[in-house]
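Enquirer: Protein chains in written order, with this note's numbering: chain A, 1 to 207; chain B, 1 to 207; chain C, 1 to 207.
It is worth saying that the hints were derived from the structure and are not from the lab. Do not take every clue at face value.
For identical chains, the list gives no copy identity; a pair is met inside one copy or between any two copies.
In silico BS3-like pairs for lysine-lysine, Cα to Cα no more than 30 Å straight-line [stated by the list, open to error]:
id, residue 1, residue 2
1, K80, K192
2, K86, K26
3, K60, K192
4, K84, K192
5, K192, K86
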Amino acid sequence: MLLSSLYIIGITAEAMTGALSAGRRKMDWFGVMLVASATAIGGGTVRDILLGHYPLGWVKHPEYLVITCIAGILTTGIAKWVIKFKGVFIRLDALGLIVFSIIGTRIALEMGLHPVICVVSALITGVFGGLLRDLMCRQTPLVLHEELYASISALSSILYLSLLNGDVTQTYATVITLTVGYLLRMAAVRFKWRLPNFHLESETSAH
Amino acid sequence: MLLSSLYIIGITAEAMTGALSAGRRKMDWFGVMLVASATAIGGGTVRDILLGHYPLGWVKHPEYLVITCIAGILTTGIAKWVIKFKGVFIRLDALGLIVFSIIGTRIALEMGLHPVICVVSALITGVFGGLLRDLMCRQTPLVLHEELYASISALSSILYLSLLNGDVTQTYATVITLTVGYLLRMAAVRFKWRLPNFHLESETSAH
Amino acid sequence: MLLSSLYIIGITAEAMTGALSAGRRKMDWFGVMLVASATAIGGGTVRDILLGHYPLGWVKHPEYLVITCIAGILTTGIAKWVIKFKGVFIRLDALGLIVFSIIGTRIALEMGLHPVICVVSALITGVFGGLLRDLMCRQTPLVLHEELYASISALSSILYLSLLNGDVTQTYATVITLTVGYLLRMAAVRFKWRLPNFHLESETSAH
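Work the whole structure out from these sequences, hints included.
Expert: Structural data, given as structure tokens:
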């Protein structure tokens with residue numbers, strides 16, 4: 001299936017970003033595999049726990065875990081090469097974000113949950129892996145500062161839900177959402193689209 | 001119901017504290033909504049996951065999530081006003097703490113769990129939201145240093161359990177626990193009651 | 001049963017390491033009990049949540065929680081004594097690691113899960129408590145930098161599975177795994193065995 005193959009690409013790309021972060025913290029191989037796996041499948045894991053959707057994906061399909069661990073370890077060997085091809089990387093990550101968002105939406109849909117929860121499910125699947133990576137590597141979570149990322153996950157989910165609601169078939173809805181979401185994310189990176197920031201001084205002085 | 005209305009007040013107040021913390025970290029709107037929601041409903045979520053109490057409250061009632069997101073975003077607009085009315089804020093937070101503790105106790109009771117677990121359930125409901133907020137905003141968790149907070153959550157739970165055990169009706173038990181717990185918390189803030197600290201020097205010198 | 005008694009020793013030892021870390025962060029008694037309990041039973045809790053293995057151990061047996069809280073508080077009184085007997089401590093921790101790994105393996109086995117997941121279950125049980133302790137006390141997680149720790153957990157699990165597979169009885173498999181795992185861990189500490197590190201410069205310069 002289209003979505004399954006894209007899912008494998010998505011977790012591989014995310015595992016590589018995790019391994020690179022672990023490398024910046026001088027972690028050992030175990031740390032690299034842990035951070036790579038948490039980045040790649042942490043979002044889906046958190047989603048499944050919150051929705052009570054058992055068994056978890058990687059418990060049922062341990063091969064996903066094997067893929068993320070191998071991708072993590074291989075990345076340590078080709079890190080310099082990976083960094084040079086940063087463009088490829090950002091593209092794979094953008095694809096992964098939309099794939100994860102569609103999968104999150106579908107799982108909540110299949111559980112018969114409210115559309116709001118479907119969008120939240122997409123968001124958690126798309127965003128929590130990177131959040132866990134940044135917490136484990138003690139970096140300020142990128143998703144809370146960066147160009148539009150979470151918003152694109154939510155928008156993709158809303159688009160996908162609307163298409164299904166408008167009687168578009170699942171395959172078309174998937175292809176359209178993937179295309180639009182991917183282009184939006186690449187545009188957000190290129191034009192540095194951001195959400196408004198909320199900046200509160202620690203010491204607010206009365207005026 | 002009394003407890004339901006108080007619950008709405010509680011999650012709104014907690015969402016506002018979350019948004020203020022996010023503002024101190026210059027997060028964007030998504031970050032503000034995430035931290036606000038985690039602060040408000042994170043404690044109940046962690047409790048439900050630990051007890052295996054599915055579906056989670058906000059999955060069943062997505063409107064709670066909508067409330068915390070809106071409260072978070074509105075707070076960014078009125079932050080300076082909110083900070084001036086710090087007194088109101090501390091009172092709402094104190095009320096929230098006791099309401100969360102009573103709800104936590106009751107859920108564990110209804111699941112037929114041991115009284116020790118009922119108190120733990122109260123504690124997790126009352127305290128974990130703030131803990132998540134501080135972890136996400138990379139502050140040293142207040143609850144581990146501040147005036148009595150967790151202890152008042154535990155005491156409220158014990159009081160509530162004792163009242164029910166002494167054949168007081170649920171409504172009276174709720175009102176009495178709310179009053180006593182609230183006054184205790186306000187007294188702890190005013191008189192700076194604290195638990196003993198445990199301070200271990202990193203390099204302990206022999207004497 | 002052998003494993004049950006060893007489990008009690010293991011959670012007591014782990015609770016003490018948690019309390020010592022909390023002391024270095026000047027936490028109050030509540031913080032000490034929280035960190036002690038998270039260190040001791042956090043690994044099993046994370047494992048049970050990931051595997052959907054409900055009710056959690058300490059919800060069913062609240063006495064485990066009572067033990068870890070008491071161990072944590074007592075440690076604050078005898079911290080200087082504990083630090084002097086560091087050798088005893090490292091031995092208890094090594095024993096705990098292997099006991100946790102065997103228990104993790106068995107729970108996954110009893111749930112009929114894939115051998116890869118049995119090893120992951122051992123790893124999570126053995127390693128996540130310490131990881132939570134270090135995150136809560138804002139230290140760089142030791143497990144990601146230290147002498148072989150996670151690897152010994154995984155190796156113990158693989159050894160235990162192989163023995164059972166080779167028709168060794170459960171009791172013998174337990175005793176053999178405990179002995180070999182313990183000796184491996186002590187050797188790793190003494191000879192400073194480590195996994196290769198992956199160190200990536202933040203600013204990689206082309207050459």
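Enquirer: Compare the structure with each hint and give your call.
Expert: Status of each hint after checking the structure:
1. In the homo-oligomer, the alpha carbons of K80 and K192 lie at most 30 Å apart both inside one protomer (25 Å) and across protomers (29 Å), since each shortest distance falls under that limit.
2. In this assembly of identical chains, K86 and K26 lie within 30 Å of each other by CA distance both inside one copy and across copies; the values are 21 Å within and 27 Å between.
3. In the homo-oligomer, the alpha carbons of K60 and K192 never lie at most 30 Å apart, since the shortest distance is 39 Å inside one protomer and 36 Å across protomers.
4. Taking the closest pair of Cα atoms, K84 and K192 come within 30 Å of each other only inside a single copy of the chain (21 Å); across copies the shortest separation is 35 Å, beyond that limit.
5. Taking the shortest Cα distances, K192 and K86 sit within 30 Å of each other inside one copy (17 Å), while across copies they are farther apart (36 Å).
This entry does not satisfy hint 3, going by the numbered hints stated previously; all others are met.
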